[in-house]
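Participant: Sequences listed follow chains A and B, in order.
Taking the numbering used here, the leading residue of the first sequence gets 1, the next gets one more, and so forth.
Taking the numbering used here, the leading residue of the second sequence gets 1001, the next gets one more, and so forth.
Simulated from the structure, these hints should not be mistaken for laboratory data.
One or more of the hints may lead you astray.
With a cut-off of at most 20 Å between alpha-carbon atoms, the simulated SDA-like pairs for lysine to any residue come out as follows [unchecked claim]:
#1 K121(A) - L1164(B)
#2 K121(A) - S1119(B)
#3 K1173(B) - C144(A)
#4 K1173(B) - P1147(B)
#5 K1173(B) - L139(A)
#6 K121(A) - W1064(B)
#7 K121(A) - P1147(B)
#8 K1173(B) - A132(A)
#9 K121(A) - L1146(B)
#10 K121(A) - L1159(B)
#11 K1173(B) - K121(A)
#12 K1173(B) - L131(A)
#13 K121(A) - L1116(B)
#14 K121(A) - Q1202(B)
#15 K1173(B) - A1163(B)
#16 K1173(B) - A148(A)
#17 K1173(B) - L145(A)
Remember, predicted model here, so these are calculated numbers, not experimental data.
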Amino acid sequence: MQKISRLARRSPVSSLFPNQGGKPDWRARWAACRRGAPFQLGLLVGSWYLLLLLARWLGVAQLTGVIGMLALWLALVHGWVRLEYVRAGANWLIAHMLLFFIPAVLVILDHRELLGWTGLKLFLIIVLGTLAVMLSTALSIEWCLRLARRRQAARRWRHIRQQHGGGAAQGNPPHEGGWQ
Amino acid sequence: MMGIDWAVPLWSALTLGVYFAARRLYLRMPRLWNTPLLVAPVVLLALMLAAHVSYGDYIRGTHWLLAMLGPVTVAFAVPIYEQRALLRRYWPVLLLGALVGSVVSLASAWLLARFLGLSPALQASIMPRSVTTPFAVTVSDGLGGLPDLTAALVIATGLCGAALGSGLLRWLKLRSSVARGALFGMGAHGAGVARAHEIGAQEGTVAGLVMILAGLMNLALLPLVRFLLRHYLG
């Protein structure tokens, strides 16, 4: 996350004025502006807002973010939008995501009951539930990958055996490599 | 004659100021307990209690910050696009992990909340706690929960999960970096992604992808969960 934010902070305030002294090169300024986080941020928020109005009109306002994400992803895949024209703004938003959570945390001011018994129960649910989620997710992926790896190794081993007519088949199966 | 609502500039400026100060502190001294997500709310809470301001007044001034989670969701398209090689290679297992994790998270929260006798609104609010806020708020709203409260619970999950995950990783000894990253992305969303980036680049990338996939998965499971709750489990 820190790397992202450092990239995002390289906003081109100084590069807005590339050739000082001479005639202002408007095209260079415009190009630098488009690559900067503030301009891209405005563009992202602006297009999100337009999409929100459209989604509200269609009655699916809750899905605006997801629809926008799919649309931007499609646009990037098809080359309608170049990565460098959204990257700085998007990375800034993601790096500072915590900021947008803060107003939500303060809701405990309206839910004082969370500081008592109910809060303890919720905390218990969060801890136990999160442990269950982490264990099941990590182990299912680990076992799945291990199975795939083993199958692949066995297939490769059979292949080698066939090619070398049993000559190479005396040793142990090839060692399963690391997991990178 | 329209009066100016002073709550907007005042509380927005205070929130932004406190956040950036807390962030600077964290960058200088990165510890789990002084994350901006803990320090900034505590400072703001103290200010609000001192000035006798209610949450209603505060949120009237800062609601636009919460709304910015919409553009954040849109922005997730960029890392997904940038990591397309990883996604193309591992999408079946990542999808499997997101599915297993989402089902376990919804089921465990529902079971535990019922067992502990929480109100239906609280049950619905805590069910989508494992996914990143923009998605969780949408799911909570769809289940009849309180979106504000869900956001707070999601954040509590992120903070707990980032701490729990490190201990769990030491104990589990996972061989694949994909599983290590997925553990953090599924269990602790944003805070977990930050933690996974500290462990390794691939772990961080996987965590980010799984976090987004989990959000989409929860959203996809929403109609099914709503149906089950209404007809069988309610």
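Participant: With reference to the structure, classify each hint as holding or not holding.
Facilitator: How the hints compare with the structure:
Taking the CA atoms of K121(A) and L1164(B), the gap is near 18 Å; set against the 20 Å cutoff, the hint holds. Distance restraint check for K121(A) and S1119(B): the Cα-Cα separation of roughly 12 Å lies within the 20 Å cut-off, and the hinted pair is therefore satisfied. With a C-alpha separation of about 16 Å, the suggested pair K1173(B) and C144(A) falls inside the 20 Å cut-off, and the hint holds. A hinted pair counts as satisfied when its Cα atoms are at most 20 Å apart, and K1173(B) with P1147(B) does not qualify at roughly 36 Å.
Taking the CA atoms of K1173(B) and L139(A), the gap is about 10 Å. The hint holds against a cut of 20 Å. This hinted pair does not check out: K121(A) and W1064(B) have alpha carbons roughly 31 Å apart, beyond 20 Å. A hinted pair counts as satisfied when its Cα atoms are at most 20 Å apart, and K121(A) with P1147(B) qualifies at roughly 19 Å. Using a Cα cut-off of 20 Å, the hinted pair K1173(B) and A132(A) holds, with the two alpha carbons roughly 17 Å apart.
Distance restraint check for K121(A) and L1146(B): the Cα-Cα separation of roughly 17 Å lies within the 20 Å cut-off, and the hinted pair is therefore satisfied. With a C-alpha separation of about 17 Å, the suggested pair K121(A) and L1159(B) falls inside the 20 Å cut-off, and the hint holds. Note on K1173(B) and K121(A): the hinted pairing is violated, with a Cα-Cα distance of about 30 Å set against a maximum of 20 Å. Our distance criterion of 20 Å between C-alpha atoms is met by K1173(B) and L131(A), whose separation comes to about 15 Å.
Proximity of K121(A) to L1116(B) is assessed by CA-CA distance (about 7 Å); at most 20 Å being required, the pair is judged to hold. Between K121(A) and Q1202(B) the alpha-carbon distance is near 35 Å, which puts this suggested pair outside the 20 Å criterion. Proposed proximity of K1173(B) and A1163(B) is supported: the alpha carbons are some 16 Å apart, at most 20 Å. With a C-alpha separation of about 19 Å, the suggested pairing of K1173(B) with A148(A) holds against the 20 Å cut-off.
A hinted pair counts as satisfied when its Cα atoms are at most 20 Å apart, and K1173(B) with L145(A) qualifies at roughly 15 Å.
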